[in-house]
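Q: Now for the letters of each chain:
Protein chains: 4
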Amino acid sequence: MSDPTAVKAALRAQQIETPSWAYGNSGTRFKVFAQPGVPRDPFEKLQDASQVHAFTGAAPSVALHIPWDKVDDYAALAAYAAERGVRIGAINSNVFQDDDYKLGSVTNPDPKVRRKATDHLLECVDIMDATGSKDLKLWFSDGTNYPGQDDIAARQDRLAEALREVYDRLGDDQRMLLEYKLFEPAFYTTDVPDWGTAYAHCLELGPKAQVVVDTGHHAPGTNIEFIVAFLLRAGKLGGFDFNSRFYADDDLMVGSADPFQLFRIMFEVHKNGGLKPETGVAFMLDQCHNIEAKIPGQIRSVMNVQEATAKALLVDQEALAAAQRSGDVLAANAVLMDAYNTDVRPLLAEVRAEAGIDPDPMAAYARSGWAEKIAAERVGGQQAGWGA
Amino acid sequence: MSDPTAVKAALRAQQIETPSWAYGNSGTRFKVFAQPGVPRDPFEKLQDASQVHAFTGAAPSVALHIPWDKVDDYAALAAYAAERGVRIGAINSNVFQDDDYKLGSVTNPDPKVRRKATDHLLECVDIMDATGSKDLKLWFSDGTNYPGQDDIAARQDRLAEALREVYDRLGDDQRMLLEYKLFEPAFYTTDVPDWGTAYAHCLELGPKAQVVVDTGHHAPGTNIEFIVAFLLRAGKLGGFDFNSRFYADDDLMVGSADPFQLFRIMFEVHKNGGLKPETGVAFMLDQCHNIEAKIPGQIRSVMNVQEATAKALLVDQEALAAAQRSGDVLAANAVLMDAYNTDVRPLLAEVRAEAGIDPDPMAAYARSGWAEKIAAERVGGQQAGWGA
Amino acid sequence: MSDPTAVKAALRAQQIETPSWAYGNSGTRFKVFAQPGVPRDPFEKLQDASQVHAFTGAAPSVALHIPWDKVDDYAALAAYAAERGVRIGAINSNVFQDDDYKLGSVTNPDPKVRRKATDHLLECVDIMDATGSKDLKLWFSDGTNYPGQDDIAARQDRLAEALREVYDRLGDDQRMLLEYKLFEPAFYTTDVPDWGTAYAHCLELGPKAQVVVDTGHHAPGTNIEFIVAFLLRAGKLGGFDFNSRFYADDDLMVGSADPFQLFRIMFEVHKNGGLKPETGVAFMLDQCHNIEAKIPGQIRSVMNVQEATAKALLVDQEALAAAQRSGDVLAANAVLMDAYNTDVRPLLAEVRAEAGIDPDPMAAYARSGWAEKIAAERVGGQQAGWGA
Amino acid sequence: MSDPTAVKAALRAQQIETPSWAYGNSGTRFKVFAQPGVPRDPFEKLQDASQVHAFTGAAPSVALHIPWDKVDDYAALAAYAAERGVRIGAINSNVFQDDDYKLGSVTNPDPKVRRKATDHLLECVDIMDATGSKDLKLWFSDGTNYPGQDDIAARQDRLAEALREVYDRLGDDQRMLLEYKLFEPAFYTTDVPDWGTAYAHCLELGPKAQVVVDTGHHAPGTNIEFIVAFLLRAGKLGGFDFNSRFYADDDLMVGSADPFQLFRIMFEVHKNGGLKPETGVAFMLDQCHNIEAKIPGQIRSVMNVQEATAKALLVDQEALAAAQRSGDVLAANAVLMDAYNTDVRPLLAEVRAEAGIDPDPMAAYARSGWAEKIAAERVGGQQAGWGA
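Chains as they are written, first to last, in the UniProt record's numbering: chain A, 1 to 388; chain B, 1 to 388; chain C, 1 to 388; chain D, 1 to 388.
Any given hint could turn out to be false.
What the hints assert, rightly or not - Calculated lysine to aspartate or glutamate pairs in the EDC-like style (CA-CA distance at most 20 Å, straight line): (1) Lys373/A to Asp41/D; (2) Lys373/C to Asp328/B; (3) Lys31/D to Asp100/B; (4) Lys236/C to Asp157/D; (5) Lys31/B to Asp99/D; (6) Lys31/A to Asp100/C; (7) Lys31/B to Glu184/D; (8) Lys31/B to Asp98/D; (9) Lys102/A to Asp328/B; (10) Lys31/D to Asp98/B; (11) Lys31/A to Asp328/C; (12) Lys31/C to Asp99/A; (13) Lys31/A to Asp99/C; (14) Lys236/B to Glu204/A; (15) Lys31/D to Glu184/B; (16) Lys373/B to Asp328/C; (17) Lys236/A to Glu204/B; (18) Lys236/A to Asp157/B; (19) Lys112/C to Asp328/D; (20) Lys236/C to Glu204/D; (21) Lys208/C to Glu161/C; (22) Lys112/A to Asp328/B; (23) Lys208/B to Asp328/B; (24) Lys102/D to Asp328/C; (25) Lys70/B to Asp110/B.
Hints listed in this document are in silico derivations from the structure and should not be mistaken for laboratory results.
From a predicted model like this one, the values you see are computed outputs, not experimental measurements.
Same shape as in the complex, but just chain A (with noise of 0.2 Å):
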């Protein structure tokens, strides 16, 4: 796709997703530093999504976190999203903040403690319901902490009947979006440690159920790409929580700690069909702004996911399917760098101008004054956050 029209045109098209929780207090288990500013209640956290929306142009939906956007009218909530310009993404379930949930949530020993954590998944497809969301994101924190602590291939019975019976009660036209993670909050097994996992679940479950990659939900080493490449494959990459990691779960903003790696994932997602709006790949952010500024923090992300994708579009690819069928392994290669050494800011201040927003997002947020507005404003009350 080196026809610039062309590969304007998919920049134009590409959307991604912030998450509600992105906008509220969050940190490690150490601490928790507060910024000012921040919401209180998930309409003002409507309101911070749409200023991100509003300096790219690139983040109209918004993912709910339930119980932290837990509001007595949804119905109410969408409105006021689609008044700001934005409207409600995935539906993210929360089943580990309950004292209930110490040993599990839907693979807990404890058949009553299994009930309360399907009801509320099951709740969660309600609000997808009140809200038009279209997707139930699922992430479990399910798993042990000790050799021996339960039974592993019980805890799958457990997670697959769970799966069931929310996929049962998914409309026509809703997805669950079921995410894999290595370790943590559990330190011996996690239920869903990896994509194969998913990718069973998923395929047992049926074609409304896909896998979700975070991106920083690996072992080291791993070759997310490649996994990438392969879920695209067989139909079941339901969309990214992007962040990124030096260590571990880091959390840290999409394209900051590997930026080539992003750009290899967008190559692969490009490559594989998954750029176009039928494939239905979700592109969201799920990080911790634990110590930069919350709003210009998912500015800079989205700006990220961007580029990457800019540069993804611009692989000569006739020219690389040439090199990879000669064997010419540094002809091949070097295709894939030219692509990824190319500037593409102004080609994407370009987009922004041709769509009447600013080039620059983030100067352009800076001088919008919100920042300062939302922190003599929001006083008093209770700061949302992890849990708030």
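Dock chains B, C and D against chain A, hints included.
A: Below, chains B, C and D without anything else, positioned relative to chain A:
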């Protein structure tokens, strides 16, 4: 299974396959250190393997590697084995040591190379027919070293096509065991990098295709016993390539780097029925004795697997299940650790004595004079080794 | 040391320090699960620690964490400990939970924050004077999350300056123990990421500065016993923070993830003289009992260290040295494994019985009624926890 | 250094050393794939190295490996190099490919083997005298494969003794560069596993001993640029062995796996004065072109280092320092990323053109006919390779 008779019976029944290549020279990319008395042909390898079986009573089969163990008359080779009390085990294909395979074998961009590689796999099935082997073990070194070098998804298509052709050639009582490996010798992508990829292909192929878990082929932090439990639950665990590692695919003696991990693996095998012969789980060694003596290295490894199995059999499963149900994390862990902390060497000495074998296989082999005999007799000719 | 009397004497002499924070609530960034009966102040923590000592006979000192264990009268706290048969151990500084420390403490770009942090360290030395503690244990969460965030070398200069000031304040019989950690809570750089950095600073400071090895603070694949042997050879091993990990800094019970590694560590300690009191190596626990009961979790951990130590003491060092000299790899490894495979629980039961303690500390504690007592009595008030 | 003249001058001044062994065959433990036209002796290696210099203008020196590059007359070899516009760089010792070294070289339990190994190191200093080389580069494959195999601390004593003897033999303007490596070919302990060990020995030896950072020799998650900054601050960074890796010591082309990491490393080099010739930091390649063409592989690698260096030079250090002082995490990161995201290929093309070199070294080499010439002429004889 705290019933001592049943524990002993299970230990007596366990069979561990040794690989012909463990008896030849091996090394790292830096150096192969030759050892005195190393076999010069497949027949001498079978002699050595039969020593391991003679002193352990637990290693009645020998895996072959083609073309390293190519002979004119495979029936004669099988008969030679039988005379020495052993039999031919899995046939291991080798599509990584011809110059043609520089850019891959069954996934090579060049269809001629793919044809050659697939033909080799089919030839291995012929050898299975000739030797009575039931298992075709496939490990592919295929992959790429540099981003862009080849098309990840296209390589999956080529892989699937070759596997299908070979699968369809299998006889009714023959299996295809597909191995995965994170990296090496390919350094960027590997075409079967993880259990998920192997599982997905095996599922598509059918019931005769199963996954092999090589204990040294995982990313750091991977929970291997989870994979074992998952695959057994899904009926897709074909067997093990046992060895151990501190860093990468070190191919050290099984149980020497992390004996607790080996115990946990054997516990999941036992817990999920994998010790029952009808499950068909093959316990194979796949190690490189680069600096230690090879035959005693194999004997020690067989003993290490037996000790881990004995401890797994000693776990009080009723007490474990009760502790798990009650949510008592420390108690459940303690039940497992009680078995692990038991010194099972006296029990295994008894099992051996009852089977008419010396209770101390290492000492008995050392006294036997075999090492001195082969060092004296096997002079001249070319020592066997990787590629020899 | 196959002399049983000497082995027993060494086991009787070993002291393992428990940390006050192990008795309070802890958790992951996702959730802290509260437990019944958790202490509400430093005095109650000392009560619990004294239970661990009462049932093991091996945990006579308790590490404090300032400000978590801040009291008005430290002499009174020390006296309270003495009444219960324990004493105050290392003083642990905390320069990571104030809002000021968001971008670092002693390495912060802002000199006012550095001054505040260094003053806190000096205050900890005052508390050492008041409590009779001999060891100042320093762990810094300092680091950066993003490339470019701060100047790596400048932060080293600031670190060196603060350490020097504190070092010069130490009394003659006081030590500074400097801990290193690969990552978390900082995700890009850590200012003391590895033993090399800690060692270099300690060397520059002088003989009262030594390195602390936290067994959970290393990159995957790091050989911890090598570091232990190296530091003992250099006279720079101050002590251990014991815990165990499967992935990152999981802070599980020591010996629960890799008991063989713990044995190898204790073997190097013993082999290089580190069990002799005059070496001054401190054996401290640093764990988080997130889901298991806290007091029995500490008892089990003390026992795990004792078992690893017993096995290390049982290694036949003469036989080992002879095998090493002869270059017999398998024989040398076998000498070590013989000790590891021994069930040392009967030996430790004997040591306890001879010391007038119940041979089964876990059962004895369970029978004691302490857990029920504190659950009933410690109601109202605020449970202690990280930051409490 | 936003001054374009200064940036260009720095780029013109940078020299990157290529290793003689990069021109010979190499491979993995599984297979060495031979390439057409590979040198058959050290003289032909110098021919190839001079091509890399001719087309890049930045690779004027060639590292030798003894005994791979043993010749009768080293002065003649040096003269041959000079005629072709290059010179002899570092002398690399090899104490890992003789049968004697199976259990170690300078750390071997056998004093005779240690003597032989140390003598080889001394011989390398003789070769330095004969060739005018200033640097002795030491990498030891020494280590153990199994716990108990040898005494960790005793091996450190032996290492220190050998290093001392060699250090004392160095001339006034000669250096000893000590390399560390996490693992391989030893799989349990390595005698110089990390920068801390190398640093401690160099510190003890004196000012002529410095540490070499091989970018592929670290545990997963290690922050290499931190080590670089630390060593430069301590005056102990001798130089680099550049290559890149996805998993272990893959020895791929530098900058091909993580170009952002290479940029961060070069930024710390530049920031801490390491680009100034008087600092003496040596920039050496150490790679294995197992499947790609060797001479273009070296050319591409030299260019990759140059591009990373150019980006490092373009960082606006004043703006960076201001952002760091103000604690603006996003702004500081953005200053760094601005430089990284710049396409520096036009700038380097200019630098080359101004130096009278073709702006596109890869294309110029391809056109030169050298590859075809050596493929045609270098027939017969034995191709050089590891051990050849």
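Q: It remains to establish, for every hint, whether it holds in the given structure.
A: Here is what the structure says about each hint:
no.	hint	in the structure
1	Lys373/A to Asp41/D	73 Å, violated
2	Lys373/C to Asp328/B	19 Å, holds
3	Lys31/D to Asp100/B	12 Å, holds
4	Lys236/C to Asp157/D	16 Å, holds
5	Lys31/B to Asp99/D	9 Å, holds
6	Lys31/A to Asp100/C	12 Å, holds
7	Lys31/B to Glu184/D	11 Å, holds
8	Lys31/B to Asp98/D	8 Å, holds
9	Lys102/A to Asp328/B	12 Å, holds
10	Lys31/D to Asp98/B	8 Å, holds
11	Lys31/A to Asp328/C	52 Å, violated
12	Lys31/C to Asp99/A	9 Å, holds
13	Lys31/A to Asp99/C	9 Å, holds
14	Lys236/B to Glu204/A	15 Å, holds
15	Lys31/D to Glu184/B	11 Å, holds
16	Lys373/B to Asp328/C	19 Å, holds
17	Lys236/A to Glu204/B	15 Å, holds
18	Lys236/A to Asp157/B	16 Å, holds
19	Lys112/C to Asp328/D	17 Å, holds
20	Lys236/C to Glu204/D	15 Å, holds
21	Lys208/C to Glu161/C	16 Å, holds
22	Lys112/A to Asp328/B	17 Å, holds
23	Lys208/B to Asp328/B	41 Å, violated
24	Lys102/D to Asp328/C	12 Å, holds
25	Lys70/B to Asp110/B	26 Å, violated
This entry does not satisfy hints 1, 11, 23, 25, going by the numbered hints stated previously.
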